[in-house]
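For the protein sequence lines, the chains are A and B, in the order given. Using my numbering, you'd call the opening residue of the first sequence number 1109 and step up by one each time. Using my numbering, you'd call the opening residue of the second sequence number 53 and step up by one each time.
The hints are simulated quantities; they were obtained by calculation from the structure and are not laboratory data. Treat the hints loosely; a few may be bogus.
What the hints assert, rightly or not - According to the in silico footprint, chain A covers these stretches of chain B (three or more CB under 8 Å from chain A):
hint, stretch
1, 59-70
2, 188-197
Claimed, not checked - Mimicking DSSO-like on lysine-lysine, the simulated pairs with C-alpha atoms at most 27 Å apart in a straight line are:
hint, chain 1, residue 1, chain 2, residue 2
3, B, Lys-240, A, Lys-1193
4, B, Lys-169, A, Lys-1312
5, A, Lys-1406, B, Lys-169
6, A, Lys-1160, A, Lys-1172
7, B, Lys-169, A, Lys-1414
Cβ atoms here follow ideal geometry from the backbone N, Cα and C, with glycine treated the same way.
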Amino acid sequence: MRNWKFFSILLSVLFAAMSFGCKKGGDGDTIKIGALFSVTGPASFLGAPEKKTVEAFVEELNAKGGVAGKKIEAIVKDTAGSPEKAVSFAKQLIEENKVFAIIGPSTSGESLQIKSICDDSKTILISCAAAELIVDPVAKYVFNTPQKDRHAVMRIFGVMKNLGINKIGVISANTGFGKAGKDQVIKLAPGAGIQILISEVYDKDATDLTGVLTKVRDKKVQAIVNWSIEPIQSIVVKNMKQIGLDVPLFQSHGFGNVKYAAAAGKAGTGIIFPAGRLLIAESLPDGHPQKPLLVAYKNSYESRYKEDVSTFGGHAYDAILILTKAIEKVGAADSEKVRDAIENTTGLVGTAGIYNMSPKNHNGLDENSFEILTVKDGKFAQYTGGK
Amino acid sequence: MSPDNIVQYLISGITAGSIYAIVAIGFNIIYNTTGIINFAQGEFLMLGGMISITLAQFMPLPAAILAAVIITAGVGFLIELVFIRWIDSPSVLRMIIITIGLSIVIREAALHIWDEKVRALPYFTGNEITSIEILGARFSPQVLWVLGTCAIIVIILNIFYYYTLTGKSMRACAANRTAASLCGINIKNMVSLSFTLSAAIGALAGCVISPITQTQYDCGATLAIKGFTAAIFGGLGSSTGAIVAGLLIGVIEAASISIIPLAYKDAITLTLLLGILFFRPGGIFGSREAAALKEY
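Input sequences plus hints: build the corresponding full structure.
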């Protein structure tokens, strides 16, 4: 008897939950947004600040009354950087939680895995990962916020031209981000008059690269380009100095976390890399269109979490900003209309740059969204050499 | 390839190999007493590194390392006391599952105690850009620290295992539990001691390699896999074998890098390992007969 009673209560609760959960995007008062971030694991440098940023953003927005008269509810899932987990969480968010849109994943590999899942189920996906393949070819419901690899490579080649460098070595991690970046470097090099003498791929968990750097040194390169997002970025430069390989090291925009510069210590000085302006927000000239937003985000993040801001958290900031602005414009959580509104975003100032999207361009940033930075005394500074 | 590059490849192989070797030694201690592989060994390394990095902010480096070794040894002892000691018939499979479970628990606990960020101890000598030059090849002085620590640990362990009663008792436990027990050896105490000792050595290794590899909450598993390979390669139970095998794997990897793309490095190592295990199941320093008598 008792069991039956319990069972019937359970059933009625379940039915109640189902009837509430039926409508896509949440019930009357809230809009559910799913977030897939690699909060732990090797890509935690991306996911942890992204999660914190989204939580702070949603809290502030809801305190101000939400968007279009509704509160936002963020459901954050930790994928630990694994594409398999990203796929199953994406399905869970879409089918069980019936979210209105998904923000993330943090890494390119994960984003590419769930691109078609989101597009097929007509769920808006705003990825926080950079690989070109996420938005090219364009999928109707898929967008991303970081600057493009291609633009990063073009800016790096620009600096090389000024420094008179034309023979380089390329090393990259065996991740989606590493491969996508390496492909862009190889594709764009001939047009920039740059010759790639050697290209090597290393394991993302590697702890020492002196062997492969010896091989690179043997090729007499004038500079090295390293493309990865993992802590190995700090090890590369230490190993270079230790084996006496004194050529400039160019890193990707994956280096945009001051912890990496700190971990590289004295060896880090002189690393050249493209990054968003967030890292040098305070030293931007007054009147720069991005300055007020950047300084505000930086101060709010750093005072709340007592840690340095990184460009990666900024990608999540931009993603939820674009989404909520579009919902605000439409005035309701209507998938189709909001999607159209995102696609027509113009002149929106974000942390990574100024977004101008179009049906053919689901990223919306241009080459100028990058600034070339360097490392000085374990800190980031604007790069002024080679001009 | 110029001659100075050959030396450079050799040295970079030794750098990587010294890390494999120092991790491999830890595996052997618990194996020598219980005949099992402790899959949480990598986590002892991580704990040693993390604790010493935290303590180094408040005290001089040697004191921080010593404290980290003692604390981690305490953790190893507690783990044995709470999770292993009460098991009546510790079968190999059961122990493996327990240690794998423990490794996950320790990793997650570390994530909550610290965070997901990467840290490193300062270089013991010089800094990130200091390097020593030998025959035109250059390397970080930290490599010498790792090699030196390996050598000292192995010498002390060999003396302990072959010349002290406690050490001999520990080896007896692995050879035959029942017989050892009949001879009056308290097996449970020996197992406790082996966990404590292996945690201490793991922690020391974690501190010494931290400047090179950097430390974060999940670095244990990656290091443990390499160390495990070296331990099997050298013959389980032999500390000298672990060092030789670790260095050999490092040098073979470096040699393979010099000829073929880096991406195939692990394939070369694993092929070699399979080959060795096929022809010499006990590893290069183990005996075939002894290996055949083991439980697995």
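Structure-based check of each hint:
1. Here the stretch 59-70 of chain B counts 7 residues with a CB under 8 Å from a CB of chain A, which clears the bar of 3, and the coverage holds.
2. Counting residues of the stretch 188-197 of chain B whose beta carbon lies closer than 8 Å to any beta carbon of chain A gives 4, which reaches the threshold of three, so the coverage claim holds.
3. Proposed proximity of B:Lys-240 and A:Lys-1193 is contradicted: the alpha carbons are some 41 Å apart, above 27 Å.
4. Distance check on the hinted pair: B:Lys-169 and A:Lys-1312 sit about 16 Å apart at the alpha-carbon level, within 27 Å; holds.
5. The straight-line distance between the Cα atoms of A:Lys-1406 and B:Lys-169 is roughly 19 Å, inside the 27 Å bound, and the hint therefore holds.
6. Distance check on the hinted pair: A:Lys-1160 and A:Lys-1172 sit about 19 Å apart at the alpha-carbon level, within 27 Å; holds.
7. A threshold of 27 Å between alpha carbons decides the hint, and for B:Lys-169 with A:Lys-1414 the separation of about 14 Å falls inside it, so the pair holds.
Hint 3 from the earlier list is the only one contradicted by this structure; the remaining hints agree with it.
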